[in-house]
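Sequences and hints are given; from them, build the entire structure.
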Amino acid sequence: MDAAAPIHTDALVIGAGPVGLFQVFQLGLLEIACHVVDSLPAPGGQCTELYPDKPIYDIPAVPMCTGRELVERLLTQIAPMRPRFHLSQQVSTLEPRDDGSFDVTTSTGTRFLARTVFIAGGVGSFQPRHLKLDGIDRFFGRQVFHTGDARPSAAGQHVVVLGEDDAALEAALLLADAEQAARPASVTLMHRRDAFTAAPSTVDRMRAACAVGRLRFVAAQAIGWGATDDTLTHLTLANADGSTSSLPTDLLIVLWGLSPKLGPIADWGVQLERKQIVVDTQKFETRVPRLFAVGDVNTYPGKKKLIVCGFHEATMAAYAAAPYVFPDRPVQVQYTTTSTRLHRLLGVAPDA
Numbered sequence: 001m002d003a004a005a006p007i008h009t010d011a012l013v014i015g016a017g018p019v020g021l022f023q024v025f026q027l028g029l030l031e032i033a034c035h036v037v038d039s040l041p042a043p044g045g046q047c048t049e050l051y052p053d054k055p056i057y058d059i060p061a062v063p064m065c066t067g068r069e070l071v072e073r074l075l076t077q078i079a080p081m082r083p084r085f086h087l088s089q090q091v092s093t094l095e096p097r098d099d100g101s102f103d104v105t106t107s108t109g110t111r112f113l114a115r116t117v118f119i120a121g122g123v124g125s126f127q128p129r130h131l132k133l134d135g136i137d138r139f140f141g142r143q144v145f146h147t148g149d150a151r152p153s154a155a156g157q158h159v160v161v162l163g164e165d166d167a168a169l170e171a172a173l174l175l176a177d178a179e180q181a182a183r184p185a186s187v188t189l190m191h192r193r194d195a196f197t198a199a200p201s202t203v204d205r206m207r208a209a210c211a212v213g214r215l216r217f218v219a220a221q222a223i224g225w226g227a228t229d230d231t232l233t234h235l236t237l238a239n240a241d242g243s244t245s246s247l248p249t250d251l252l253i254v255l256w257g258l259s260p261k262l263g264p265i266a267d268w269g270v271q272l273e274r275k276q277i278v279v280d281t282q283k284f285e286t287r288v289p290r291l292f293a294v295g296d297v298n299t300y301p302g303k304k305k306l307i308v309c310g311f312h313e314a315t316m317a318a319y320a321a322a323p324y325v326f327p328d329r330p331v332q333v334q335y336t337t338t339s340t341r342l343h344r345l346l347g348v349a350p351d352a
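With our numbering applied, the sequence shown corresponds to residues 1 to 352, in that order.
Among the clues, some could well be false.
Claimed, not checked - Once the Cα atoms are required to be at most 35 Å apart in a straight line, the calculated DSBU-like pairs of lysine-lysine come out as:
id : residue 1 : residue 2
1  : Lys304    : Lys283
2  : Lys54     : Lys304
3  : Lys305    : Lys132
4  : Lys54     : Lys303
5  : Lys275    : Lys304
6  : Lys305    : Lys275
Note that these hints are calculated values from the structure, not bench results.
Put into structure tokens, the structure is as follows:
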């Protein structure tokens, strides 16, 4: 097969957050196979990147779960649908064909020919917030890393972690707790002030690690850097007390969360209102036929940015897409409690 040939798919879901994952499930119940593209390195969207350990209380029949747990359960639920994930890439172009299908290309060159497309990208594709110091970008990918970046071994290195949320504190703790052979020479967690948005239990663990000397916390901001030849050696800090200091730095991990970018969606022919995609409330289809938008990325009268509302939108969009994929098949509503067909799809039938 030609390596440059597009991947043919009945549906392409753009975004692997909770609503995108539930979109996969609803499509699967209608036997619509799909591929999923997401700019992050793992499924989960905001839930796993911004609040993985914070509780969510408004998922039906689930009194409480964390963002990470919700994503894990959704991934388990869609496993029978066997979706194909294409991660760490962003859809860059989407062009409709005369027959209504779409030519789609991602930032890594992956190509799709999709009969239907579902935009479930939250408020846009999420990109790591980068450290902005003049010239430091020369070390990006070598000594300075951001969310989702592959990193070299930290063994014997002076490591600095910037951030104040769960992801930053957990990353610092993981490095501080590394086995002897992989342990850094030092691990410093840095934030501009001694206050955190991480879960209280995570903050307690961080403070305990600092108390026994496994981890160091510094309330400061990076205002400069130094290097020897082409190797980063230290950061210059503005400390909370107004003084400046130098901090040895061989490996810098910047975990400042994610910034949503609407990106090329604006060029796809959809109607936008305050950077959100206008859809109807019967099909959750955009003004471009076969192109749907669900979750926080869309807008309509009465819109509520809630996960449960996104689940409803995904269900309606899947049923609206079915006639495009199976034009000669009547769309019937079947129930997972009684349908033997759905039981076979889900792998719960007696003979499955």
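Hint-by-hint comparison with the structure:
no., hint, verdict
1, Lys304 with Lys283, "holds (17 Å)"
2, Lys54 with Lys304, "holds (21 Å)"
3, Lys305 with Lys132, "holds (31 Å)"
4, Lys54 with Lys303, "holds (24 Å)"
5, Lys275 with Lys304, "holds (16 Å)"
6, Lys305 with Lys275, "holds (14 Å)"
In this structure, none of the earlier numbered hints is contradicted; all agree with it.
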